[in-house]
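Q: Sequence:
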Amino acid sequence: MKRVYIATLLTCAVLLALFASIFIQMKGTPYGGTLKVGFIYEDDESVPYTANFAEAERALMEEYKDRIEIYSKNNVPDTEAEEPLMDLIQKGCNIIFTNSYTEEFMKIAGDYPHIQFCQASFLEALPENAPENYHTFKGTIYEGRYLSGIAAGMKLRELIDREYIESYEAKVGYVAAFPNTEVISGFTAFILGIRTVAPEAKLKVRYTYSWGNFKAEKRCAEELISEGCVVLSQHTDTIGPAVACEEAVGSLKRIFVGYNQSMQDVAPTSVLISTRINWTPYVLGAVEAVRQNRKIETVVKGNVHGNDISAGMKEGWVKLLDLNDYNAAQGTAEALAEAEEKLKDGSLQVFQGDYIGVNPNDPQDTIDLNNGFEENAEYSSPSFHYILEDIITVEEDEG
Numbered sequence: 013m014k015r016v017y018i019a020t021l022l023t024c025a026v027l028l029a030l031f032a033s034i035f036i037q038m039k040g041t042p043y044g045g046t047l048k049v050g051f052i053y054e055d056d057e058s059v060p061y062t063a064n065f066a067e068a069e070r071a072l073m074e075e076y077k078d079r080i081e082i083y084s085k086n087n088v089p090d091t092e093a094e095e096p097l098m099d100l101i102q103k104g105c106n107i108i109f110t111n112s113y114t115e116e117f118m119k120i121a122g123d124y125p126h127i128q129f130c131q132a133s134f135l136e137a138l139p140e141n142a143p144e145n146y147h148t149f150k151g152t153i154y155e156g157r158y159l160s161g162i163a164a165g166m167k168l169r170e171l172i173d174r175e176y177i178e179s180y181e182a183k184v185g186y187v188a189a190f191p192n193t194e195v196i197s198g199f200t201a202f203i204l205g206i207r208t209v210a211p212e213a214k215l216k217v218r219y220t221y222s223w224g225n226f227k228a229e230k231r232c233a234e235e236l237i238s239e240g241c242v243v244l245s246q247h248t249d250t251i252g253p254a255v256a257c258e259e260a261v262g263s264l265k266r267i268f269v270g271y272n273q274s275m276q277d278v279a280p281t282s283v284l285i286s287t288r289i290n291w292t293p294y295v296l297g298a299v300e301a302v303r304q305n306r307k308i309e310t311v312v313k314g315n316v317h318g319n320d321i322s323a324g325m326k327e328g329w330v331k332l333l334d335l336n337d338y339n340a341a342q343g344t345a346e347a348l349a350e351a352e353e354k355l356k357d358g359s360l361q362v363f364q365g366d367y368i369g370v371n372p373n374d375p376q377d378t379i380d381l382n383n384g385f386e387e388n389a390e391y392s393s394p395s396f397h398y399i400l401e402d403i404i405t406v407e408e409d410e411g
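As numbered in the numbering used here, residues 13 to 411 make up the sequence shown, in order.
Just so you know, these hints were derived from the structure itself, not from any lab. Keep in mind the model is a prediction, meaning the values are calculated, not measured. Treat the hints with caution; some may be incorrect.
[To be verified] When the alpha-carbon atoms are kept at most 30 Å apart in a straight line, the in silico DSSO-like pairs for lysine-lysine are as follows:
hint	residue 1	residue 2
1	K265	K216
2	K313	K85
3	K307	K119
Input sequences plus hints: build the corresponding full structure.
A: What follows is the structure in structure tokens.
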């Protein structure tokens, strides 16, 4: 009887362990079986912005293979997001990502609390009434803008020192989509990086009032080139400015700093360097959080602000791409490596210097950067929205 009793206990223990293992596995994939992931893109991979984001989708498939199913919706305008979003919900997606600014995403999320909704690049802080299953995220791209600015500044310094241009000709052009905070923060970080090496440099910004208009972006770049800009960069979504630099004629080759992807394939003799947000760490982490039935912000590493999270060079969310040795000034790679380490350890503050910034929407609102400004301190969306006096000129696209 004693042996039977012991055998019974062992059998029960084995069964309990088996049930516990099954429960843990079910909890790891809370919806049971294959996890379904949806993506909504405002355009497609022909546009660098979405091509960059789609890299995270491919990394996700590589990581989880047959353990997930992925559904993608391309070319979805902000005003027409509801129908494709509902289709992904009806397909049974457990988590849905979007790279657009549509407000429908947050509104619909509240009706489906069992699904996680993750939105990149939202333009402002999370509202207090945001549902618990709605999340925002963004890389601190100002770090990449600043570093690429250092590379551009070193090139300008070389051109001046070798007397290819005079100091007063150190003009930088910037093709920008909209006069919003994200764009202003980006081009400010860019010129501040440049001026650490070429303090005589000044920036001219031209707005297109569109995120993805190849013709407008190319035209604005051509206008900036005709006005004497030696270095150009962009915060728009197409390759138009890079193509304009590559096609520019004259004794002095224009130098281009790209965004979202390398662009050396379309502007091999013009591109100096590029920077991009690496969306992969967030996408992988968010999906893993859903698999484990955990809150996303407890799994993804970064600066957490409730249901909002940001991260930068230190966490691998912001990347520099393909320094073109053909165009780079001597010592550029070493200077970038040194500055990057300082960004990672927190010893370098980007928004600082002997500058006064003015809010373009309220001239009475100013900031003295001698006191410094900490970007992304409160949420992932950038918050620096001042135009630096004397060194930045803003113009509209007249096309």
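Q: Of the hints given before, which are not true for this structure?
A: Hint check: nothing fails, all pass.
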